[in-house]
Each structure stands twice: as structure tokens, then as C-alpha cells.
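Could you put together the complete structure from these sequences and hints?
2 protein chains.
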Amino acid sequence: MSGTVYLVGAGPGAPDLLTLRAARLLARADIVFHDALVHPETLALAERAIKVAVGKRSGKHSTAQRFINKQLIDAAQKYPTVVRLKGGDPMLFGRAQEEIDALIEARIPLEIVPGISAAFAASAELQCSLTRRALARSVVFATPREAAGSKQNEWAKAAAAADTAVLYMAAGEAQSVSDALIANGVPASRAVVIVENATGESRKVIPTDVGHLPAAAQHVGDGPALVMVGEVYAAVQALGIDLPEAYLQLR
Amino acid sequence: MSGTVYLVGAGPGAPDLLTLRAARLLARADIVFHDALVHPETLALAERAIKVAVGKRSGKHSTAQRFINKQLIDAAQKYPTVVRLKGGDPMLFGRAQEEIDALIEARIPLEIVPGISAAFAASAELQCSLTRRALARSVVFATPREAAGSKQNEWAKAAAAADTAVLYMAAGEAQSVSDALIANGVPASRAVVIVENATGESRKVIPTDVGHLPAAAQHVGDGPALVMVGEVYAAVQALGIDLPEAYLQLR
Chain A
1 MSGTVYLVGA GPGAPDLLTL RAARLLARAD IVFHDALVHP ETLALAERAI
51 KVAVGKRSGK HSTAQRFINK QLIDAAQKYP TVVRLKGGDP MLFGRAQEEI
101 DALIEARIPL EIVPGISAAF AASAELQCSL TRRALARSVV FATPREAAGS
151 KQNEWAKAAA AADTAVLYMA AGEAQSVSDA LIANGVPASR AVVIVENATG
201 ESRKVIPTDV GHLPAAAQHV GDGPALVMVG EVYAAVQALG IDLPEAYLQL
251 R
Chain B
1 MSGTVYLVGA GPGAPDLLTL RAARLLARAD IVFHDALVHP ETLALAERAI
51 KVAVGKRSGK HSTAQRFINK QLIDAAQKYP TVVRLKGGDP MLFGRAQEEI
101 DALIEARIPL EIVPGISAAF AASAELQCSL TRRALARSVV FATPREAAGS
151 KQNEWAKAAA AADTAVLYMA AGEAQSVSDA LIANGVPASR AVVIVENATG
201 ESRKVIPTDV GHLPAAAQHV GDGPALVMVG EVYAAVQALG IDLPEAYLQL
251 R
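So the sequence lines, in the order shown, correspond to chains A and B. For reference, each letter of the first sequence is one residue, going 1 to 251 in the numbering used here. For reference, each letter of the second sequence is one residue, going 1 to 251 in the numbering used here.
It is worth saying that the hints were derived from the structure and are not from the lab. One or more of the hints may lead you astray.
[Claimed, not checked] Residues from chain B shown here face chain A by an in silico Cβ test under 7 Å; the list is partial: (1) 36; (2) 97; (3) 108; (4) 112; (5) 114; (6) 116; (7) 137; (8) 152; (9) 158; (10) 233; (11) 235; (12) 239.
[Said to hold, decoys possible] Okay, the calculated bits of chain A under chain B, using three or more residues with CB under 8 Å as the criterion: (13) 14-25; (14) 44-54; (15) 91-99; (16) 154-164; (17) 233-242.
If you're wondering where the values come from, they're calculated on a predicted model, not measured in any experiment. No residue lacks a Cβ here, since even glycine has one placed at the ideal position from N, Cα and C.
Printed below as a string of C-alpha cells:
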């Protein structure tokens with residue numbers, strides 16, 4: 001008899017944006033494997049659990065992922081309730097499938113609990129809907145981070161074809177993101193907003209446009225950031241950051 | 001002094017997929033305006049609130065929307081805590097912007113609480129990630145429902161350009177959805193899964209492909225359904241529905 005592994009979305013950061021189901025699971029978890037970015041108050045809900053941080057370092061992803069898979073399988077042999085807690089929603093850019101496939105192969109019972117992805121939390125804070133009647137009826141979520149074997153800049157074609165695009169893990173390579181969008185037909189004047197630390201206390205909102213994205217991204221700090229692109233962002237105001245007057249006039 | 005309007009995502013259906021923040025707001029709400037599809041247990045969290053159903057009927061959307069806007073503004077003059085509860089996440093296909101703009105214009109304090117959109121709940125139930133390393137790195141959420149003034153089938157270009165596409169409100173027009181995807185270069189053999197009533201007790205999962213989507217959609221009932229398109233769905237199995245052997249061999 002093996003325990004069950006629950007792959008749980010921790011949401012965008014603010015601890016009260018966790019689901020009720022996730023909170024109840026954490027309360028009865030025996031062991032929790034969590035990403036580096038999960039809020040301490042969220043972890044504190046797992047009162048009786050052993051907590052294991054399994055943050056990955058870039059450049060060593062594959063090795064680390066195999067090790068996490070093994071840790072989950074081993075824990076399920078030992079404990080009834082194993083929680084794997086991932087920032088945001090586990091099914092979007094979370095590499096969840098590698099963990100799911102390993103658990104299914106090992107015949108470990110598995111349940112997945114969805115979470116609020118950062119794009120939805122940022123939209124709520126901006127009070128700016130991802131879709132809008134007659135203006136935006138498609139939204140793409142993409143990441144410019146290239147995996148081995150993936151086609152160069154395929155993500156930019158999808159981002160250019162949708163009315164609204166939310167780019168995860170994109171602020172660190174703003175120049176190539178801007179270049180790829182423009183090469184795929186997105187006007188340099190299309191509105192962009194960068195949101196760093198959505199729902200966190202040190203949240204920053206930096207309005208710009210596709211052409212000025214590289215300059216704007218220099219104001220982004222160490223926190224996780226979204227690059228949101230689309231006409232719906234034309235009226236968004238800066239928040240949590242003092243931008244020079246000259247910068248704001250660029251838009 | 002006016003009250004605050006909270007635009008709150010009720011999540012995909014299961015009452016425990018609500019956020020902690022939403023549950024706390026409902027508990028102290030004075031009045032709740034809710035969509036038709038919100039679960040009775042979710043509404044029951046609003047113990048002390050007046051509940052007002054504001055479901056829209058198709059064909060009368062604009063009139064109904066203006067009336068909802070007015071109801072929210074009037075309620076905020078009278079009550080400290082007004083909750084507008086919308087299925088899923090309010091910022092995706094929820095027409096939230098019309099309510100937001102009306103509230104801002106009326107200078108009513110406004111906060112938005114994100115919710116789990118159906119695509120994430122369905123992905124969790126299918127145990128099938130929206131993205132997958134080296135296979136799917138972009139996801140589009142779109143709807144084929146045409147609004148007045150929108151460009152014909154623009155949604156299909158975005159759906160064709162992304163690795164994974166989740167189409168909301170699409171099962172009822174499966175033939176034109178299939179035609180539009182194929183016309184935009186999606187292979188007829190690309191895997192599709194239709195998920196009806198994600199997280200509900202009467203959930204159905206119907207695997208098919210783009211070419212056979214119209215035939216498969218005939219098995220969809222009255223519940224809200226997602227049409228999910230992409231290579232990631234190639235191995236999904238039917239659930240909650242008895243499909244004829246001949247049907248399953250089509251894939």
C-alpha cells in the first residue's frame with residue numbers, strides 16, 4: 001500500500017490566494033516538497049508536515065527533476081499524504097508532466113489540485129481583463145525560455161497571433177523578446193506592462209510598449225515577472241516604482 | 001461614502017476550489033450578485049448576504065450587462081461589502097471589463113479576486129499538463145463566439161499558432177470550430193479532448209481529434225464544456241461516458 005501524492009498549486013504568492021482544497025490538504029500532509037518561491041505562511045499551514053525545499057538551479061534542471069521524482073516516489077512508500085507544492089498552477093510551465101509520468105509509472109496514486117496562475121493575479125491587480133469584448137478574444141501564455149530541441153521563437157508566432165499575450169520568465173531576456181515579437185509582426189507601439197511580484201508586497205507595475213521593453217525591463221528586480229502584451233494594457237499606470245518623467249513620456 | 005465592490009472568481013465549480021480570500025469575503029458580504037453556474041455550497045458561504053442571481057440569457061447580453069452594472073453601483077451606495085461572484089476567473093471571458101469600467105466611472109472602490117479558470121481544473125483532472133517540455137510551450141485560451149465587430153475566425157489563427165489551445169464556449173459550434181482550425185493549418189489528426197462539467201459530479205471526458213470533433217461534440221450535454229486541442233492530449237482516455245467501440249477506434 002502506497003500513500004497518495006498531491007500535486008498542488010500554491011497560487012501566485014499571497015497566501016490567501018490558495019484554494020480551500022489546497023489548504024485542507026496541507027493541514028493533513030505528512031511531508032511537503034515545495035518550490036523556493038512558496039510563501040512562508042502557506043507552508044505554515046502544513047503544521048504537522050516535514051518540509052523539504054526542492055528548488056532547482058538553472059542549468060541543472062534535468063538532474064534535479066529526476067531527483068525530485070525519486071523523492072516523491074520514496075515518500076509515498078513511507079507516508080499516507082505527500083504534497084508537492086508548486087508556485088502558481090502546476091499545469092502551466094511547472095514541468096508537472098515529468099513528475100506525473102514518473103508517479104504513474106511507479107503506480108503511485110496521484111491527485112492534482114489547480115492553483116491561481118500569476119497572469120490571473122496580475123490581471124486582478126491591474127484591474128485589466130485579459131479579454132475584452134470586440135478588442136481581445138484570445139490570450140496566449142508562453143515562455144521564451146528555449147528547451148533543448150525546441151524550435152527557435154515558435155512562442156513568438158503564437159504571441160503575435162493572439163490578441164493578448166502573457167510571457168512568463170521573459171523579463172530577463174527583454175531584448176530578444178522585443179526583437180522576436182517585432183519580427184513576427186507585432187507593432188513596436190503595442191502596449192506592454194511588466195508585473196513583478198504580483199500579489200506580493202514589493203509588487204512593481206511598469207508600463208511600456210514592445211519597442212521600449214528592453215529599457216523598461218532594466219527596472220525589474222529579482223522577483224518573478226510577467227511581460228503582458230496587448231491593446232488592453234494601453235491605459236495601465238505605473239505602480240510601486242518611481243519612473244523618470246522622460247520614461248513615462250516614451251509611451 | 002460608498003461601499004466596496006469585490007469582483008470575485010468562484011472557480012470552476014467544485015466549492016473547495018474557491019480561494020481562501022474569496023471564502024472570507026463571502027462570509028462578510030452584505031449582498032452577492034452571482035452567475036447562474038455558481039455552486040450552491042459556494043453561495044451558502046455568504047451566510048448573511050442577500051443573494052441576487054444575475055444570469056444572462058443569450059441574445060440579450062448588452063441590456064443585461066448595463067442592468068448588472070447599475071445594480072452593482074446602487075448596491076455600493078447602500079452596503080459596505082458588495083460581492084460580484086463570477087464562475088471561473090473574472091478576467092477571462094467574463095466581460096469583467098464592462099463592470100470594472102462602470103464602477104471606476106462611478107468612483108466606487110473596487111477589488112478583484114482571481115479564481116481558478118476551467119482550463120486549469122480540467123488539466124488537473126486529466127492529469128495532463130497544458131505545457132510540456134520540448135512539446136508544448138505555448139497555450140492559447142480563445143472562444144469562437146463572435147461579438148459584433150470582431151474579425152471572423154481571428155481566434156482560429158491564434159489557436160493554430162499555439163502548441164495547446166483551450167476553446168471556451170466552443171462545443172456548441174463544433175463543425176465551424178473544426179473547419180476553422182483545419183483552414184488555419186491544424187492537422188485533422190491533432191488530438192482533442194472535450195471536457196464537460198470539469199470538477200463536477202457529472203463530468204465527462206470525450207477524446208477525439210480535430211477532424212472528428214463535430215461527431216464527438218454530439219455526446220456533450222447541457223453543461224459548460226471546454227474543447228482542448230494539442231499533441232499533449234494524444235493519450236487521454238474517456239471518462240464518465242460510454243462511447244461505442246467504433247467511436248474509440250476512430251482515433
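Discussion item. Let me make sure I understand: some of the numbered hints might not hold for this structure. Which ones are they, in numerical order?
Written reply: 1, 3, 8, 10, 11, 12, 14 and 17
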